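K.L.:
Sequences listed follow chains A and B, in order. Going by numbering that gives the first Met the number 0, 36 is the number at position 37 of the first sequence; the sequence numbering is gapless. Going by numbering that gives the first Met the number 0, 144 is the number at position 145 of the second sequence; the sequence numbering is gapless.
Derived list of chain A stretches under chain B, where covered just means 3 residues or more per stretch with a C-beta under 8 angstroms from a C-beta of chain B: (1) 89–98; (2) 121–132; (3) 143–157; (4) 302–315.
Note that these hints are calculated values from the structure, not bench results. Bear in mind the structure is a predicted one, so any value in this text is a computation, not a measurement. For glycine and all other residues, C-beta sits at the position ideal for the given N, C-alpha and C.
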Amino acid sequence: MTRMADPLALLRTMLLIREAEMALARLFADGEVPGFIHLSVGQEAVAAGVCSALGPQDSVASTHRGHGHAIARGVALDGFFAEVLGRASGVCGGRGGSMHVADLNRGMLGANGIVGAGAPIALGAALAHRIRGTGGVAVAFFGDGALAEGALHESLNLAAIWRLPLLLVCENNGWAEFSRSDTQVAATLSAWSAAYGVPHAEVDGNDAAAVAAAAAEAVEALRRGEGPRVLEARTHRWRGHFEGDPQRYRDAEDAARAAGHDPIARSRAALLAAGVAESALHAAEAEARDAVAAAIAGARAAPAAEWADARHGAYAPAES
Amino acid sequence: MVQAINRALAEALAEDPAVILLGEDIGAAGGPFGATRGLQQRFGPDRVRDTPISEAAIMGAAVGAALTGLRPVAEIMFMDFVTLAMDALVNQAAKARFMFGGQRGVPLVLRTPHGGGLSAGPQHSQCLEAWLCHVPGLKVVCPATPADAYALLRSAIADPDPVVVVENKALYAMKGEVPDAPEPIPIGRARIVRPGRDATIVAYGAAVHWATDAASLLAAEGIEAEVLDLRSLQPWDEAAVLESLSRTHRLVVAHEAVEAFGVGAEIAARMADAGFDELDGPILRVGAPFTPVPFARELEAAYRPDAARIAAAVRRTLD
Chain A
0 MTRMADPLAL
10 LRTMLLIREA
20 EMALARLFAD
30 GEVPGFIHLS
40 VGQEAVAAGV
50 CSALGPQDSV
60 ASTHRGHGHA
70 IARGVALDGF
80 FAEVLGRASG
90 VCGGRGGSMH
100 VADLNRGMLG
110 ANGIVGAGAP
120 IALGAALAHR
130 IRGTGGVAVA
140 FFGDGALAEG
150 ALHESLNLAA
160 IWRLPLLLVC
170 ENNGWAEFSR
180 SDTQVAATLS
190 AWSAAYGVPH
200 AEVDGNDAAA
210 VAAAAAEAVE
220 ALRRGEGPRV
230 LEARTHRWRG
240 HFEGDPQRYR
250 DAEDAARAAG
260 HDPIARSRAA
270 LLAAGVAESA
280 LHAAEAEARD
290 AVAAAIAGAR
300 AAPAAEWADA
310 RHGAYAPAES
Chain B
0 MVQAINRALA
10 EALAEDPAVI
20 LLGEDIGAAG
30 GPFGATRGLQ
40 QRFGPDRVRD
50 TPISEAAIMG
60 AAVGAALTGL
70 RPVAEIMFMD
80 FVTLAMDALV
90 NQAAKARFMF
100 GGQRGVPLVL
110 RTPHGGGLSA
120 GPQHSQCLEA
130 WLCHVPGLKV
140 VCPATPADAY
150 ALLRSAIADP
160 DPVVVVENKA
170 LYAMKGEVPD
180 APEPIPIGRA
190 RIVRPGRDAT
200 IVAYGAAVHW
210 ATDAASLLAA
220 EGIEAEVLDL
230 RSLQPWDEAA
240 VLESLSRTHR
250 LVVAHEAVEA
260 FGVGAEIAAR
270 MADAGFDELD
280 GPILRVGAPF
290 TPVPFARELE
300 AAYRPDAARI
310 AAAVRRTLD
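The shape of chain B in the complex, shown without the other chains:
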């Protein structure tokens, strides 16, 4: 997946002189996860800028640059560190179009990795995307495959408003084809990963793969679960979820983030309303328990949702 991200950044830099990258160690070092490798050599230190460890200034500068004719793509090394950039993101970037009466948008992108599985501990593993989905003015996407990582990042950079691209650390090493001339993926459009008639599992990021594994487990029991990859969390594809629900009549929402007050809660609430007549079972959520992400391998394995938990939720909603 990092190669797909790298290609999207390289093509955007090549096509539009207004695109710049800024973040900690993205230049000479090529980025902490290698997503920006080689880009500074190719596009120069002016457009691929190493910053000091100053998240508030990185994000604030991205806002000011975006209001002054550039299309900055900022990287925050771990999503946990967006806490240090929240004023610029929430009070400035998200508000400017609205509070300035539509004079101009803030065409910036924030790339940031979330997720566990690396024993990175409580401050380097969090999935905080629900916070950002809650802020009017921001868009949030979360790719599950290299092809989507490429296409969603291109769409994010082209977007006239601020877009947060949440990348799952555990998926960085994932291999996958990106076509030579990929179709653009509009922000806000989900995709059916695996069709099925008995239940719908809505997921995003790493949970898409757990959901697919769960569907395989369930298939062995004769249950055909449909897996929907949201791809975009804000806005999210309500029509696609409703359409799937209206065929399967059962809904499970799965994500790596903490279950309580999460993206799944929003989807469940909307479908309890818009999809009320379609439901033949309770809408169930599968997410992380309400604790920080633990460090030790055994603890983290127990903490993270997985295919077995998703499959159990599907069985329960079919009961």
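Bound-form chain A, shown alone:
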């Protein structure tokens, strides 16, 4: 029996992601975030829905647009913000930043700066779960742009041959960086899943409850040992490829249309229709705001990352 995700919990996760990313957008504009960041605003339902189907033993490999995955996976906000701001208390000590947020004790195998690279890593995690008999499954998030990467095809082929508990989740936002993905990928994901004999399900990626249900169904099949699954969530990228992207390649209507599919507004309306009091939703919103504000204050107060701590960090300390 498929476990139903708690719709209010899904909303809470999405609110936390949205708050965190909009705060990052402001911090980035103010010059407080070093480097560059890729926001998943508008895509929160996919991260929240998929991660709601996972248990603590499971593994997740994420992407460059990975803040939502990390937060939905339960990476502590303090360590998350401190990492993205490059502080010593960051979950990776300020050595990775936005594109490498990882929390291995939570099975969060990392955001990834290389498009498509998460798939073979999740494949290996799925293999480890199988061989070690943990009962765990592995999830690889990727975007539609990654469909043109060979590593993804190799991984799906291998997962199919070995019938590994691997869920490949495509966040299909229509964009491959600065280009429409339909100009870059000849096959649909459903066609190529079929070619490898892997069941493919498509879900409205702006509907957190639908994503959660589809992910739960897929994860249960993985745990039954039925082999890999592909879940394609159609969603929208509200912002540029990276923060500060002028998006000259995109017409204003497209961006406006995207905002018409707000997964949070949708989830909120559904909850109200189901009789949840508006005050409960306001409380959830305030909770998310407070949590993010506290994490940012903590990160700002934290000491800067120290080179002396990082200098010898490439290898395990030599045994004496």
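Keeping the supplied structure of chain A fixed, place chain B upon it in accordance with the hints.
P.N.:
Showing chain B alone in chain A's frame:
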């Protein structure tokens, strides 16, 4: 040497259930060079896994498995094919410990054969180890004898970080004793193969044997060359090289890989600094010329470094 590798793999598989092997044709076929013969029958297809011809996924899966509690030993059939696995090796395996703030290492091993002498041509003969030595986070070893192949592979599998074990194809058939209870060889420790007082020849892999032959040629002329087998390229035993140099005051570095921008260049640069006061002659390198490895027997023979070239370099540095 393949028997020594096979024994190291078998013992590691027997001792630690987290050790798995994966690679192309390593199971039922026993590996393209026989290094994994019999292991799938003994340890089962789950732990000794035949993969499709998918180097990127093999290496990437090894990274994911290593981050999830296994100690994978991956095989890439020819070192030339690591080009197809470089993202997983360079951007993922090498970086994870550092960029995740030391949360966890990536205890994987990549076994891969390099080297010529088999007329295998430009895409099956390259020595690309310098590329990997250049990447912080990776370790690279290259054994010259069966005993070292055994012990270095055991050390590599036990290591908490990713280690590339480069095996020389021309040495696979080499015979040699591996003791019943071999001493462990720590990664990063060189060994003196042949002592000598007049010049130091630093080499690794097949070049160790050319260097030893060169030392014999030179001995007939009254020149006593010391031969040092690096065994480990990243990290390399700077102290041992400096110690030898401080006795001989002359240094030649020899390898099968292309000379330009190679391991020899790094050693020469370090010794030009740390060993400056000890040097009584130029540091010379002996490596392959700056072309792809040719196929025809005559061309390959002309291409590959040998004992005569190493001996000539020693004479030159003594001039």
